[in-house]
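Enquirer: This is what each chain is made of:
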Amino acid sequence: MRAMKQLDPKPEVMARRSEIIAGLRRILPERAVIAQAVELKPYETDALTAYRQVPLAVVLPEDEAQVVDVLKFCAAGGVRVIPRGAGTSLCGGALPLADSVVVGLMRMNRILEINYADRYAVVQPGVTNIGITQAVADAGYFYAPDPSSQLACMIGGNVGMNSGGAHCLKYGVTANNLLGLRLVTVAGEVLEIGGAHCDAAGYDWLGLITGSEGQLGILTEVTVRILHAPEGARAMLAGFASNEVAGECVAAIIASGIIPVALEFMDKPAIHACEAFAHAGYPLDAQALLIIEVEGSQDEQADMLGRLREICERFAPVSMRVAQTEAESAAIWKGRKGAFGAVGRISPDYLCMDGVIPTSRLGEVLRRIEEMSAAYDLRVANIFHAGDGNLHPLIMYDANDPASFAKAERFGAEILTLCVEAGGCLTGEHGVGVEKRELMRVQFSESELTQMRAMKDVFDPQWLLNPAKVFPL
Amino acid sequence: MQTNFTPAQLADPEIAVANEILRRCVHCGMCTATCPTFVTLGDELDSPRGRIYLIKDMLESGRDAGAEEALHIDRCLSCLSCVTTCPSGVDYMHLVDHARVHVEKTFNRPLADRLMRAGLAWVLPHPARLRAALLLARPARGLGFLLPGHGMLAKRLRAMLRLAPGAVPRAAPLGRVYQAVGARRARVALLAGCAQQVLAPSINAASIALLNRLGVEVVIPPEAGCCGALVHHMGRHEAALAAARANVAAWMAQVEGEGLDAVLVNTSGCGTVVKDYGFLLRHEDCAAGAAKISSLTQDISEFLMKFYEPVRAAPGLSVAYHAACSLQHGQQVTAQPKTLLRKAGFKVVEPKDAHLCCGSAGTYNLMQPEIASALRRRKLDTLRALGPDVIAAGNIGCLTQLAGDGVPTVHVVELLDWMAGGEKPQALR
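In the order they appear, the protein sequences are chains A and B.
Quick note on this note's numbering: the first sequence kicks off at 1 and runs consecutively.
Quick note on this note's numbering: the second sequence kicks off at 1 and runs consecutively.
Derived from the structure by calculation, the hints contain no laboratory data.
One should not assume that every hint holds.
Stated by the list, open to error - Derived, one-sided and incomplete: chain B residues facing chain A with beta-carbon distance under 7 Å:
#1 M1
#2 F5
#3 G29
#4 M30
#5 T40
#6 G42
#7 E44
#8 L45
#9 G50
#10 Y53
#11 L54
#12 E68
#13 P87
#14 S373
#15 R377
#16 R378
To be verified - Just so you have them, the derived chain A footprint on chain B, three or more residues with Cβ under 8 Å:
#17 172-180
#18 394-408
Said to hold, decoys possible - Derived DSS-like pairs: lysine-lysine, alpha-carbon spacing no greater than 27 Å straight-line:
#19 A:K334 x B:K352
#20 A:K407 x A:K268
#21 B:K292 x B:K352
#22 A:K334 x B:K338
For clarity, every value in this text was computed on a predicted model and none was experimentally measured.
Cβ atoms here follow ideal geometry from the backbone N, Cα and C, with glycine treated the same way.
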């Protein structure tokens, strides 16, 4: 692994290590403090294992009062703090620093309130994304944003990264489904932002906090909008002869004015890896596959599927199939949602990109990525939310070969630069984290970055909360 | 995921296997969500991904296992829910098996721990010893509250007394061959098991009666004994291999003699291990035989799919089907028991979070009583919410764990046998 530039640990904090741990033990239950070297090791990374750093300690608070105590204690000692949920970040959002205390929120996993009449739920940050839907599904409701890691990822992290998902084409991302937050600032002050109602008056604090990557405070409660589940939904598979043709088909669907609930793209390597995992009946002979889902009454579904068929047929599909049963639909989505992990079947390691481009440029950008793949001699699997133009090229490499990783990093940077040049942006839903930190200059001018840093200064003047993320060092 | 083994380390075939498994893992974290201990304890270290990382670090460094590794590896139920969830196909089972052996070999457990484990390994796989132990425990059964202390030892002893049955069934020695009724359609070996035959001889009795009635001859070679799963999951590799070798020899003699269509297992915890004999014994002289036995092994519900026919009228009972982890995750046998129960005329209902373990997991409910009882409570709550007449499962461990909460518990095969003309299960009378 290439040594990544990292903030230097504060010598005065490192020198007081045992004192800090003793202090944490005083304010927290015994089972909530992890400080043994062997036990800290698994906390050195998240789902971006290319970057690793063992923290000074890990704490697992069980309620808001403990979060307040930990933050007050750390702020008083100038100790850096890394918030962590399920540790599923693909951009190193939960990567520790050597002198940091990781605050894991996994134990704050209770659903506090469900209100069907007013369609909201209040949950703790450690509730999994799918946990919210599971809690309200029997009553016919769901929580709309659905990251592919929704089985495991936690709502606190979803807010921090403003996560998206396959069904965000229709329903919007986390920011569009959020009503309120409780947040502990680094000074230990509890802020209540928004609430179980629409659009609070005044400045849009919710908008500011959502996507702030744990740099402005630690969440202790999240109030989300829950929606009535649709009457039904059906997924359709359309295979195409090339990435570019499939990309053009996506642009045509969007241009037609139809908004399917999801419009997902997989290329050939992804199709094969996912089929091996999910046995969903993906077309193995296609070079590219679109998963298109529509929802509503039977009539609405039939009407939309008919129109989508007509559009797809203009692009000479090699196969088209509509799921006939719920089990078929479930298998189709199981493959798509497990796609990143499934790539583990064909490559020991991957870097997952998250660039966004205008949908009209899909075909062209995909062709450029193919050319880069050949030039770098690294395979790419493309799995992404095509309807939003949110690309997830997975660059496959071998982490046991340092040269391979260095190449993969450069390849990734080139893809993201291409996305920005095509009129898009660096990250659609995963966040900047450490992975895209240095690339922020490709997207933003120095004065724009200075303005953003000024906002962080207001909340966290000592830069203790998740400090080495988002901004170039 | 990156690994850091030296070429010398990789020359060890066991490490080479572990390396391949670790390289498959992409550390995505999906497994954490369906892991019973992560859901209960909320710590990465008690999740599959955290354990994989601990094991990776321990093996790479070549160090002996310490108290921390032992703690978190011991807390793993080996329920293999993570294997069902994993999109990358990480073979967690063989990795954690390897780690358990490493812990057993290199970690010096506290004395009380060692005694407890040695005692369980000495008693459980041997029906006569287990029977004697249960008879001894019976008068003390309700006296667990008198055991002082909050230490692990006291908690474990109380858990043992709680799990000891109120009445120990009369010893029911098994014969060697049970002839098919009418024309013989198949010939199978049945793993009679160890603890099951002591705790609930009715399960083997129902299995044999049902198979015979369906035209299947059942052979139980007396040379075959415990499958080795109990000691295997304690990391006692040599004892596990010895048990496996004995069974392979006993069943291969049948294969080479009168022939076998299948080796049937009606205790899914054992079935998972017998299906893995091919891997377990891959370096032994009997490797080919072990692979043959593994390929012949089926859970009894898999085998019955082709043969089962009910004869009685549907009893109108609602059966809550509890999927044993060894069956649903270890063997990926999910539909068959439910299909058979429906065919038999039962209404089959399933609990929420059916993927979560009930906490039984071999000796887990004795060794980790706190986590096991939290999982038991959670499972029973979801089962009771269904308002069932009876809880059915395909594993004696689960049945023991879930018993005593007011809803009768029976083995799936006992219900199937009843509807095929056998006796009504004792628990329903």
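Enquirer: So, E44 of chain B near chain A? Judge it on the closest CB pair being under 7 Å.
Expert: holds (5 Å)
Enquirer: What's the verdict on K334 of chain A and K352 of chain B, does the C-alpha distance respect the 27 Å limit or exceed it?
Expert: Given pair K334 of chain A, K352 of chain B holds - Cα atoms ~19 Å apart, limit 27 Å.
Enquirer: For the region 172-180 of chain B, do at least 3 residues have a Cβ located nearer than 8 Å to some Cβ of chain A?
Expert: As far as the region 172-180 of chain B goes, the hint is violated, because 0 residues have Cβ atoms under 8 Å from chain A.
Enquirer: Does the closest beta carbon of chain A sit nearer than 7 Å to the beta carbon of M30 of chain B?
Expert: With a minimum Cβ separation of about 5 Å from chain A (threshold 7 Å), the hint on M30 of chain B holds.
Enquirer: Let's test the interface hint: is any C-beta of chain A closer than 7 Å to that of L54 of chain B?
Expert: Holds, because the Cβ-Cβ distance from L54 of chain B to chain A comes to roughly 6 Å (cut-off 7 Å).
Enquirer: Given G29 of chain B was flagged as interface, is its beta-carbon under 7 Å from a beta-carbon of chain A?
Expert: Given a least distance of 4 Å, the restraint on G29 of chain B holds.
Enquirer: Taking 27 Å as the top limit, are the C-alpha atoms of K334 of chain A and K338 of chain B close enough?
Expert: Distance ~23 Å between K334 of chain A and K338 of chain B Cα, so the pair holds.
Enquirer: Would you check the hint for K407 of chain A and K268 of chain A, treating anything up to 27 Å between C-alpha atoms as holding?
Expert: Roughly 22 Å separates the two Cα atoms, so the pair holds.
Enquirer: Hey, does the P87 of chain B contact hint survive, CB to chain A under 7 Å?
Expert: Result: holds, 3 Å to nearest chain A Cβ.
Enquirer: Tell me whether the statement that chain A covers the region 394-408 of chain B is true, taking a Cβ distance below 8 Å and needing three residues at minimum.
Expert: violated (count 0)
Enquirer: May I ask you to test the interface hint for R378 of chain B with respect to chain A, counting a Cβ-Cβ separation under 7 Å as satisfied?
Expert: Status violated, d = 14 Å.
Enquirer: Given L45 of chain B as an interface hint, is the shortest Cβ-Cβ distance to chain A below 7 Å?
Expert: With a closest approach of 6 Å, the L45 of chain B hint holds.
Of the numbered hints given earlier, the model fails hints 2, 5, 14, 15, 16, 17, 18, 21; all others are met.
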